[in-house]
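Take the sequences, apply the hints, and build the full model.
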Amino acid sequence: MEDEYLLSMEGISKQFPGVRALSNVKLHARKGSVHALMGENGAGKSTLMKCLIGIYAPDSGTITFKGEKLNITNTHYALSKGISMIHQELSPIPQMTVAENIYLGREPTTWGGLVDMRKMNRMARELLDRLHIKIKPTAKMHELSIANIQLAEIAKAVSYNSDLIIMDEPTSAITEAEVEGLFNIIRSLKAQGCAVIYISHKMDEIFKITDEVTVFRDGQYMGTDATADLTDAILIEKMVGRTLTDMFHKETTDMGSVFLDVQNISGKGFRNVSFQVKRGEILGVAGLMGAGRTELLEAVFGVTRSHRGSISVDGKAVKINSPADAIRSGMALLTEDRKLTGLYLNASVRENMFIANINSYMIGPFIDFGKIGKDCERMRSLMRIKTPSLLEIIRNLSGGNQQKVLISRWLLTEPDLLILDEPTRGIDVGAKSEIYRLMTEFVRSGKAIIMISSELPEVLGMSDRILVMHEGDKIGELSRAEATQEKILQMATGMSLTA
Amino acid sequence: MANPGVITANKTEKRQQMSHTISSLFSKYGIFLIFAVMILVASLLSPAFVSSTNLINIVRQMSIVGLIALGVTGIIVSAGIDLSSGSVVGLTAVVAASLAQSPDNSGAFYPGLHLPLIVPVLAACLVGALVGLINGTLVAKTRIPPFIATLGTYTAVRGAALLYTGGRPISDLTDEYNFIGQGDVFGLPVPIIILVVMAIVTHILYAHTKFGKYIYAIGGNEQAARVSGIDASRYKMLIYVYASFLAALAGLVVSSRIGSGQPGLGVGYELDAIAAAVIGGTSLSAGGIGTVAGTIVGALIIGVLNNTLDLMNVSAYWQQIIKGCIIVGAVIIDQLKNRGRK
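Protein sequences appear in the order of chains A and B. Residue numbers for the first sequence follow the working numbering, beginning at 1 and rising by one. Residue numbers for the second sequence follow the working numbering, beginning at 1001 and rising by one.
In short, the hints are calculated from the structure, not lab data. Note that the Cβ used here is the ideal one computed from N, Cα and C, for glycine as well. Some hints could be false.
Stated by the list, open to error - Restricting the straight-line Cα-Cα distance to at most 20 Å, the calculated cross-link-like pairs of lysine to aspartate or glutamate (EDC-like) are:
id, chain 1, residue 1, chain 2, residue 2
1, B, K1210, A, E10
2, A, K140, A, D163
3, B, K1210, A, D375
4, A, K81, B, D1184
As the list claims (entries may be wrong) - Far from chain B, some chain A residues (derived; all Cβ distances over 12 Å):
id, residue
5, S23
6, E107
7, G113
8, I133
9, F183
10, A191
11, G241
12, E251
13, D261
14, R308
15, R378
16, I393
17, S479
Here is the structure:
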């Protein structure tokens, strides 16, 4: 049996303070095949991979690679044995060039011992050309778009000529054309006999590119199957342990009066946009990246300046020059990038929750921690946040739970309008479904939601009305009844509907 | 719910690129531009400024802080800080001086001792490197914040210097030792030659060797450096050793310049060196940014400023206030440059 597999991980357990991340799990990967590792956030996928690459040391278990029992204690050793990884948390060194990042730790040198930049750039150029990635090797990492950073990371992992490449959510930031390019790379790696461990939340990718699927749930091994024997439904059931009958929990609610009325505003990245949101309504905002969706809503919320036009809330004209003004008018904004603009990563769950609402917990100059505790505890059970305690540092929570904490933060301010920018990016199906449930409950109580999303099923599933943007212009609106994936895409790409 | 039709592309790319071209030009050459303007203004304000004696004087004066700043630049690039360099100047100055006294001095620290010049020089370098090793070990192995670790050595090393000499200066040094700080070669003062040589060596070290690349990598994103298989602790340790070695050279220069090893030498130099690095574009807020050329110009800017204000008879008190403003101004510029960068 040892010979059959390139990689055998057996009986791996890993305990963190307060959390049993992995208990007695296994994983077997074959030569020349793509093995998917699935599970909700916090299921232990990334932890297992970090054990394999030498970032964590497992508490127990054995790792056999190419027939040899390995005790992997650091990344350098894993790389030298032929295991490389594309990390989920993109980890470039921003001030260095693409070539320097790719060959970091194995720079070619001249006979004098100096780094041979010319050779390094040439090697990078050849590598990127071979992978059909259009990036300049001499570009600095911080000049690249998120998609290109991810492509550079992919090139880096491939450049080690490893026997096993771990890809942890390699497509979270790249476009569909680029995903196709990545799949071509994966296919040629397979042909060379390389094994790939593929972690992704995107079902279509799993069915398109992988040969076998191993599922984890809450740190436990749930089984391995050939991808061909699986369907969406079976896979989701294995991952969440129950069938999700209605993912979106959509209800049609009674629309109330117009809450937010935006007329003819322009700003950086968008022009002359008007729209309304009614109480009880979810307005979806669709469009390609760069269509100006985030910019529009950030201007409405006062993060950036807008000019011309007018905004009224509940029928009264308001001036919004800062987020503080927007919050006073009853709005809340959940930002697109939770690490960059949302979380205080080193603070506790509790602190992250009450920070936006601190004024309502003041007794004179003192903070009423009793009331905070009560409110946060209520949110924790309402949102079903999985954390050992409210005092846990939020860095230690999974992405889905972090997102729920952020939503709780804004719910505590009791807003009338919740603006959600990519609310379910990078979180698993179970947590997604619960966020949809919360959105439905929120609008049922006569409040409004604006949701920016790049995931069309989510836009179609949750929105009462859909605003479509293209290159800074509002192209049009679709009602829930008339919206289809094709229509939205057509409008978002700027193709005329009537033609 | 399957097949999510994900739409992606990039929204911030255009915006970033536009602002990037402007800011990168400014961040690359801005400091040199400012320096050129300063020279111009200084020579207009005071004709004495452009005399070759005065210019050489400026460089000689900045050479001591310049040497320290070369090492401090590497440390700040690695996302660290070194507060101990001024104390290292003091300790290495007294150690070297004690081994370089005239043999016919009856009250000498080690009476009758006569050693070749290489001994005090090597001793100073070794002592410097040892302090650096302590700093580096504290920072890399115990994970104490560099500010705290070097605050400790800043205090302890100054204490060691005072303890070694009993608080007294060590004077009457040999002529060959004093040549380091006072001598000329081809009309150029030896301190300037040392600075130029070390600046070139340090530039090559930082910009063209693996060691240098790794210092920038660790400062830019230590986790990324580690997962690329780089032994970050080792390189962090080395940069502290190198920086303290440069501070030891500064200790040699300053003690031979005044012909006396005093335990109080170098007080406040660590902050002047940090100021030179920061004015020269080394970023305290984000690691991985800084160059040798920038730091040298930063040190020159401080030197030219002091000199011009001296020539214009501005009081020393005002000079300090102006210097403070310049340091803060440089950091504000640094932050503007890095704005929008992730």
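Review point. Which earlier hints can't be squared with this structure?
Key: Numbers 1, 2, 3, 4, 6 and 7 - these are the hints that the structure violates, sorted from lowest upward.
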